[in-house]
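Asker: Protein sequence lines, in the order shown, are assigned to chains L and S.
Final position of the first sequence in the working numbering is 446; the numbers increase by one with none missing.
Final position of the second sequence in the working numbering is 446; the numbers increase by one with none missing.
Hints in this document: simulated from the structure, not taken from any laboratory.
Among these hints, one or two may not hold up.
Since the list gives no way to pick out one identical chain from another, each pair is judged satisfied if it fits inside one copy or across any two copies.
[To be verified] Subject to a maximum C-alpha distance of 25 Å in a straight line, what follows is the list of computed SDA-like cross-link-like pairs (lysine to any residue):
id, residue 1, residue 2
1, K336, E355
2, K336, D40
3, K266, E337
4, K266, G289
5, K336, A309
6, K336, D349
7, K336, M277
8, K266, E24
9, K336, T12
10, K266, D72
11, K336, A286
12, K266, A445
Number of protein chains: 2
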Amino acid sequence: MENDLNCLTASAAAAAIRAGETSSEMLVSACIARINDRESTVHAWVNFNAENALTQARECDAALARGDDVGPLHGVPVGLKDIIDTADLPTESGSRLFAGRRPAQDSACAALLRAAGAVILGKTVTTEFALTQARGTTNPHDPSRTPGGSSSGSAAAVADFMVQLAVGSQTGGSVIRPASFCGIYGYKPTYGSISRRGVLIISRYLDHLGLYSRSLEDLAIMGDALMQRDAGDFDMRFHPERQLSEITAEPEATEAPRLAYVKGPAWDHAEDHMPAVFDAYVAGLGGIIQEVELGGIFDQALDAQATIMNASLWANLGELCEQHPEEIEDETKERVIAGRDIRAADFIHATELADSLVRALDGLFENYDALVTAAAPGEAPTGLDYTGNAAFQRIWTMTGLPTLTLPLLQGPNGMPIGVQVIGPKGRDEELFRAARWLDALAE
Amino acid sequence: MENDLNCLTASAAAAAIRAGETSSEMLVSACIARINDRESTVHAWVNFNAENALTQARECDAALARGDDVGPLHGVPVGLKDIIDTADLPTESGSRLFAGRRPAQDSACAALLRAAGAVILGKTVTTEFALTQARGTTNPHDPSRTPGGSSSGSAAAVADFMVQLAVGSQTGGSVIRPASFCGIYGYKPTYGSISRRGVLIISRYLDHLGLYSRSLEDLAIMGDALMQRDAGDFDMRFHPERQLSEITAEPEATEAPRLAYVKGPAWDHAEDHMPAVFDAYVAGLGGIIQEVELGGIFDQALDAQATIMNASLWANLGELCEQHPEEIEDETKERVIAGRDIRAADFIHATELADSLVRALDGLFENYDALVTAAAPGEAPTGLDYTGNAAFQRIWTMTGLPTLTLPLLQGPNGMPIGVQVIGPKGRDEELFRAARWLDALAE
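Please take these sequences and the hints and turn them into a complete structure.
Answerer: Okay, structure coming up:
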């Protein structure tokens with residue numbers, strides 16, 4: 004199977020297509036075959052139309068045959084979390100209420116991927132409204148375990164070799180945690196660097212789009228395609244100074260990054276085996292990493308993130324839950340109603356705490372190039388209802404720092420555990436430089 | 004009196020100092036003499052130290068004598084609203100609670116003005132916490148009338164020829180309204196273009212620093228000095244692409260701007276004579292201006308601005324009011340407590356309405372270079388307790404669009420009335436281009 008086209012990385016597949024060694028149609032056909040073979044076990048896709056995907060692939064091949072200029076993802080398939088609007092496939096946000104909803108136009112994200120040459124293979128399963136109600140996706144490494152959520156289908160489809168790339172989203176921990184559970188690369192860029200126009204918003208203060216792939220280079224290529232300014236998202240603010248794919252294409256770094264191993268309040272949620280797993284990993288890195296405690300105001304971070312998130316959920320979904328109670332799962336309604344009575348001043352104070360955390364972290368980055376911590380509390384839990392604990396992502400979501408996870412470790416049951424690397428806000432290229440060093444070291 | 008040094012504009016004074024025709028010490032002495040003469044009537048200053056100002060002036064003169072490089076405001080005095088921290092003078096925010104408070108360091112604003120060569124003449128009277136409780140400043144045109152607020156002393160001091168330039172702040176309508184009432188030039192730049200580090204924050208979502216002068220050119224020079232990026236203010240986002248003083252120094256424009264005369268919900272608050280005053284002004288402009296109605300979502304704007312402001316006041320000042328009730332005026336406490344029970348979702352919806360208004364206005368600027376409306380509901384009201392109605396500023400404060408007022412009109416009692424000009428968000432240079440054309444036309 005490892006020699007099958009669907010198992011190539013995106014960059015290898017794109018190079019093979021450009022070189023005429025394969026075609027987009029052949030690549031997409033291999034992915035479709037894999038989906039047909041495995042979907043009844045993995046349940047990664049909610050709207051998937053083989054003929055629509057093959058039509059796009061054939062158009063890519065025709066463009067190449069004509070000698071058209073082609074983008075860096077030309078002919079490569081991508082899965083999109085089903086909260087991301089597409090003009091050619093329904094977008095249902097994991098909700099019965101939106102069953103069959105057909106957006107009038109592509110989201111900014113879908114349009115940018117198409118402009119880079121990608122084939123939109125289909126829409127991947129999301130929990131209801133990108134919250135906690137799971138929709139049956141399984142972990143490709145063990146179908147009795149969750150793939151994580153809310154970007155369940157995006158992570159599982161990439162991990163199961165059904166597609167090279169996928170887009171997810173993170174408001175609490177929904178990009179990085181599924182990547183860790185599924186053993187793939189996941190990347191949440193700096194807040195405000197990928198447009199959310201045409202994406203379901205559950206908290207504009209916290210919502211990030213994020214990326215999945217099976218190599219660091221692929222994250223960089225997809226990131227470059229998506230990190231484009233767009234007046235349609237009022238919170239767009241950051242843009243990397245350099246192309247991320249320039250960083251991953253550089254000759255090997257001669258100088259090791261200066262790394263901080265951070266713990267802080269999330270570690271109260273870690274499984275018993277995790278300190279030993281991480282301490283051993285850190286010890287193997289030697290003198291380039293120092294342990295740094297995140298205390299003080301960091302102890303308030305998880306509560307503040309919950310205040311911002313819950314207030315936003317009620318603001319964005321409260322009316323929907325009140326008007327259509329029978330169409331929305333109880334678990335979702337309970338999450339949404341939790342924000343109804345939050346006071347504006349508490350919300351404002353929580354956003355100010357987030358800024359104070361950013362200032363404190365800015366100070367830390369004067370001495371370190373990147374931070375390292377766990378990407379999740381442990382291995383993917385057994386059972387499909389509970390998608391896992393977001394504590395290890397929430398500080399980085401509320402502060403908007405760029406973070407990615409590398410699939411470098413394993414837990415006691417042989418399930419993957421990710422190493423989370425966090426970079427300075429707005430300087431994603433530095434995150435990639437440190438991550439590349441760690442990734443190469445593990446090879 | 005018109006030939007006195009204190010009556011020069013800032014640009015004329017700076018040029019005379021650079022040319023050796025006068026000195027900073029002579030200029031500052033003339034301002035001090037004017038203050039000594041008039042302060043018992045105007046009450047514009049709260050902390051004013053003649054010796055401290057003269058020391059700075061002599062240092063400016065010495066630097067010039069040494070041949071040092073000098074900034075565009077070298078030797079020119081400036082007044083700062085007493086919510087703006089200065090290391091050499093107390094900053095009391097109009098509050099007994101902060102009587103004698105000595106900040107450890109200059110605000111970003113004070114430091115930038117000093118870097119441009121300005122002499123900090125003193126701190127000007129603000130209402131308590133830049134809210135509504137007035138502190139006795141009178142209108143230089145009629146001491147029985149308010150100068151407006153909350154930047155009462157800054158506007159009155161410039162209008163009364165006590166100082167060339169002053170800085171105020173606007174959360175509702177506190178820069179533009181006093182300028183209109185006092186018959187001077189006032190400018191509130193695009194939100195996020197002047198750092199508020201070291202300034203009392205009552206609503207980070209709405210607070211803007213703003214500028215006063217007696218010429219448009221002076222606003223541009225001071226704006227250029229202050230609109231500098233600063234990581235210390237998390238909401239800094241905009242920076243004009245060109246120096247504003249390049250715009251005001253350009254040869255006369257040959258092409259008239261395309262202007263929209265906008266009314267909208269603020270006009271429900273206008274005095275009876277105002278439609279006639281403005282209709283006559285607009286008729287005089289001829290075909291370059293068209294009336295445009297601001298309806299639809301603009302009808303919700305004033306309520307939404309109040310929601311954002313009141314929620315912020317409680318978040319920022321609620322604890323102070325609860326802990327020190329006897330030190331804070333009842334009127335202030337009543338304003339602050341009004342925000343206590345606002346729900347987070349209502350606050351979030353109000354901020355989203357603000358964004359929708361920006362989008363709607365962005366659309367309007369596709370057809371117009373600038374908008375024109377009244378700067379206040381009418382002439383300055385009689386009495387010193389009530390500083391006037393902010394309805395004509397609140398939409399531009401909540402949307403963060405750049406706005407300035409030109410002292411071009413008079414009301415039935417001979418009191419000044421400003422023409423407010425509003426530019427596209429983040430493009431203050433276009434605002435100045437239109438304002439310059441209107442200002443020149445009126446000469």
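Asker: With reference to the structure, classify each hint as holding or not holding.
Answerer: For each hint, the structure was consulted:
1. Proximity of K336 to E355 under the C-alpha cut-off of 25 Å is restricted to the inter-copy arrangement: shortest distance 23 Å between copies versus 28 Å within a copy.
2. Taking the closest pair of Cα atoms, K336 and D40 never come within 25 Å of each other, the shortest separation being 35 Å inside a single copy and 68 Å across copies.
3. With identical chains, the CA atoms of K266 and E337 are never at most 25 Å apart, being 31 Å at best within one copy and 44 Å at best between copies.
4. When the C-alpha separation of K266 and G289 is checked against a cutoff of 25 Å, the pair qualifies only within one copy, where the shortest distance is 18 Å, while the shortest distance between copies is 68 Å.
5. For a Cα distance limit of 25 Å, the shortest separation of K336 from A309 inside one copy, 16 Å, qualifies, whereas the shortest one across copies, 30 Å, does not.
6. Proximity of K336 to D349 under the C-alpha cut-off of 25 Å is found in both arrangements, the shortest distances being 22 Å within a copy and 19 Å between copies.
7. In this homomeric assembly, K336 and M277 never come within 25 Å of each other (Cα to Cα): the closest approach is 33 Å inside a single copy and 51 Å across copies.
8. When the C-alpha separation of K266 and E24 is checked against a cutoff of 25 Å, the pair qualifies neither within a copy, at 47 Å, nor between copies, at 65 Å.
9. Taking the shortest alpha-carbon separations for K336 and T12, neither the intra-copy value of 39 Å nor the inter-copy value of 63 Å comes in at or below 25 Å.
10. In this assembly of identical chains, the alpha carbons of K266 and D72 never lie at most 25 Å apart, being 47 Å within a copy and 50 Å across copies at closest.
11. Taking identical chains as interchangeable, the C-alpha atoms of K336 and A286 are never at most 25 Å apart, the minima being 45 Å within one chain and 57 Å between chains.
12. For the homomeric pair K266 and A445, the shortest alpha-carbon distance inside one copy (22 Å) is at most 25 Å, but the shortest distance between copies (65 Å) is not.
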